[in-house]
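*Asks:* Please work from the sequences and hints to get the whole structure.
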Amino acid sequence: SGMGDDVQIIKAGIMEIGDIFVINKADKEGYERLATEIEMMLDLNQNKRWRPPVLKTIATDNVGIKELLKEINRHIEYLKESGELEQRRRESVKKEMFDLIQEQWKEILSTFIDNGFLNKIVTKIVKREEDPYTAVEKLSNILVHSYTQGGVKNG
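Quick note, in full-length UniProt numbering, the sequence shown goes up one by one and the last residue is 155.
Because the hints were derived from the structure by calculation, they are not lab data.
Quick list of simulated restraints, FRET-style, between CB atoms: (1) I113 with V93: 27 to 33 Å; (2) L85 with H145: 39 to 45 Å; (3) I101 with P132: 21 to 27 Å; (4) S82 with K106: 32 to 38 Å; (5) F98 with T123: 29 to 35 Å.
No farther apart than 25 Å at their CA atoms in a straight line, the calculated lysine-lysine pairs in the DSS-like style are these: (6) K120 with K106; (7) K66 with K28; (8) K94 with K48; (9) K70 with K48; (10) K56 with K28; (11) K138 with K106; (12) K66 with K25; (13) K70 with K56; (14) K124 with K106.
Given the structure is predicted, the values throughout are model-derived calculations rather than measurements. Positions of the beta carbon are idealized from the N, C-alpha and C atoms, including for glycine.
*Replies:* Quick look at the structure:
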């Protein structure tokens, strides 16, 4: 991919993600322009406490690697001192817990699907005997009640 593709990635919002920007193959044409564009984009984002460095490397020639390691270590220290490392870990644990809860509820819901309970609800909705929102609310209440009573049985 050319340097133009890289600029498009930057414009697509990748700037919010990076803690350190590394331009590898810095011996290729166009890297200076890319570095300048990244620096300009970073200058627009004034609300960050950490300003990501923009490093140039030529990995095949071992150029810029020591500087990269130095910046990685500097960033780790920043994360620890600012409390952001703990905050990121907390967010990661929250996401993992949410994913596990979501997976568990999918399993519980699949029990309802397996025993035909969901089909009964779908039939009521199709026959316009019940609207989907009310049906989902009822199903949610049944799921919670069944789960708190020691597991899902036959609904």
